[in-house]
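Trainee: Residue numbers (this note's numbering), protein chains in the order written: chain A, 1 to 190; chain B, 1 to 180.
Quick caveat, the hints were computed from the structure, so don't treat them as lab data.
Note that the structure is a prediction, hence the values are computed from the model and not measured.
Some clues are possibly wrong.
Here are the simulated DSS-like cross-link-like pairs (lysine-lysine), alpha carbons at most 30 Å apart as the crow flies [stated by the list, open to error]:
hint, chain 1, residue 1, chain 2, residue 2
1, B, Lys-172, B, Lys-157
2, B, Lys-17, B, Lys-172
3, A, Lys-178, B, Lys-157
4, B, Lys-82, A, Lys-178
5, B, Lys-172, A, Lys-139
6, B, Lys-130, B, Lys-157
7, A, Lys-149, A, Lys-139
8, A, Lys-147, B, Lys-172
9, B, Lys-157, B, Lys-17
10, A, Lys-149, B, Lys-130
11, B, Lys-172, A, Lys-178
12, B, Lys-17, B, Lys-82
Coverage of chain A stretches by chain B, computed from C-beta distances (three or more under 8 Å per stretch; other residues unrestricted) [stated by the list, open to error]:
hint, region
13, 108-117
14, 167-174
15, 181-189
No residue lacks a Cβ here, since even glycine has one placed at the ideal position from N, Cα and C.
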Amino acid sequence: MKHRLLALALLLLETAGAFASEDAHGGHGDDHGIPWGTMFFSAVNFTLFLLLLARTVLPALKTWAITRRERIVDELQAAARAKAEAEALKREWEERMASLDRELAEIRDRALADAQRERERILAAAQQTAEAIAVDAEKAAAQELRKAKAELREQVAALAVDMARDVIRQRLTDGDQKRFLDDFLREVRP
Amino acid sequence: MSSVARRYARALFDLAKEQGAIEAVGRELLAATAQLEIPELAEVVASPRLSSERRHALVDALAQQLSLSQTTATFLLLLADKQRLQEIGAIARRFQDLEDDALGRVRMTVRSAVPLTQTQVDEVAAVFGKQLQRTVIARAEVDPSLLGGIVVETEGKVYDGSVRSNLERLAKHMAHPDSQ
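Using the sequences provided together with the hints, build the complete structure.
Mentor: Given below as C-alpha cells:
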C-alpha cells in the first residue's frame, strides 16, 4: 500500500514536472491559455493532501469500522443465542404445562394413598392401645380382687384369733395348762 | 460383751480351775455382782470423785460382808484398782458360761402363761437334759401373753409350745391358705 502510494506520488511529480516545463516553453506564445502550471501544483497539493489523509485518518476509520463490525457480529450472535434459549424455554414450559394435569393427578393419587395408609395405621394403633388398656384393666381388677380377698381373709383370721384368745383366757383351766405342758414334753422327748 | 470382760473372766476362771474352786468362785462372783449392780452402790463405785483408797476400802468391806474367798476378794480389789468394777456384770456372765462349759451344764429359761410348780420345771429340765445330754439349770418365768403352754429357750434356740404361737400360726394359715 505504501509502495503504491509512493509510486502514485512519483508519477504525479513527474507529470507535474512535464507540465511545468511545457508551461515554461509555451508560456510566451499563449498568455491567455490554460494555466497548466497552476493546475499542476494544485493537483500535486491535492494529491499530497489525499496521501496525508490516507496515512492518518484512513487507518483510524478502518480500525473503527472493523471494531464496529465485530461488535455488531457479537451482538447478533448473542441475540441469536438468546432467541434459541428463549425458544427452548418456551418449548420446555409448553411441555411442562402439557404434563401438569397428569402430574397433579399423580400427586393427588399419592396423597390419597398416603392418607389411607396413615388412617389404617392410626386405627390399628388405637385398636392395640384399646386392647392393652382392656387387658391392664382386667389385670388391675383381678389384682384388686385378690388384694381385697386377702385383706378380708386377714381381717377374718385376726377377728377369729382375737375371739379365740378371749375364749381361751376365760375358759382355760389348770388341767388344760397341764395338758399343754404334757403335750409339749411329749413332742420334745426323743 | 467387751474383750476386757472376756479376758478378766478367763483369768479368774483359770485361777479357780487351778484351785479346784470353780463353782465356789462362781457363786461368790454372782453374789458380789448382785451387790455391786445395786444402782446406788454402782453409782458410788463408778464415780470418778471416789478416791482409789476409798474404792479399795469399799470393796474390802463388801468382801468381808459376803465372806468371799481370798481369790474372789483379790480379784475384786484388782478390778477396783484398774477401775473396771463397772464390768463386773459382764465378767460374771462370761465366768458362768465358762463354768457351765467346764461342768457340762446348760442353762435354760422356761416361760409359761401360769406359774409352774418346781416339779414341772424339774420335769422340763430333765427332758431337755436327757435330749442335750447335759445338766440343765432351769429358770422359770411367767408370761401371761403366752395364754397357755410353755416356751423354752436354751443355747440360743427357742422351743415354742405356747397357745399364742399356735393361734398366730392358725391366723397365718387362715389369711394365706395357699402358703405353707
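Trainee: Against this structure, judge whether each hint is valid.
Mentor: Checked hints:
| no. | hint | verdict |
| --- | --- | --- |
| 1 | B:Lys-172 to B:Lys-157 | holds (22 Å) |
| 2 | B:Lys-17 to B:Lys-172 | violated (51 Å) |
| 3 | A:Lys-178 to B:Lys-157 | holds (23 Å) |
| 4 | B:Lys-82 to A:Lys-178 | violated (52 Å) |
| 5 | B:Lys-172 to A:Lys-139 | holds (26 Å) |
| 6 | B:Lys-130 to B:Lys-157 | holds (16 Å) |
| 7 | A:Lys-149 to A:Lys-139 | holds (15 Å) |
| 8 | A:Lys-147 to B:Lys-172 | holds (16 Å) |
| 9 | B:Lys-157 to B:Lys-17 | holds (29 Å) |
| 10 | A:Lys-149 to B:Lys-130 | violated (48 Å) |
| 11 | B:Lys-172 to A:Lys-178 | holds (26 Å) |
| 12 | B:Lys-17 to B:Lys-82 | holds (23 Å) |
| 13 | 108-117 | violated (count 0) |
| 14 | 167-174 | holds (count 4) |
| 15 | 181-189 | holds (count 7) |
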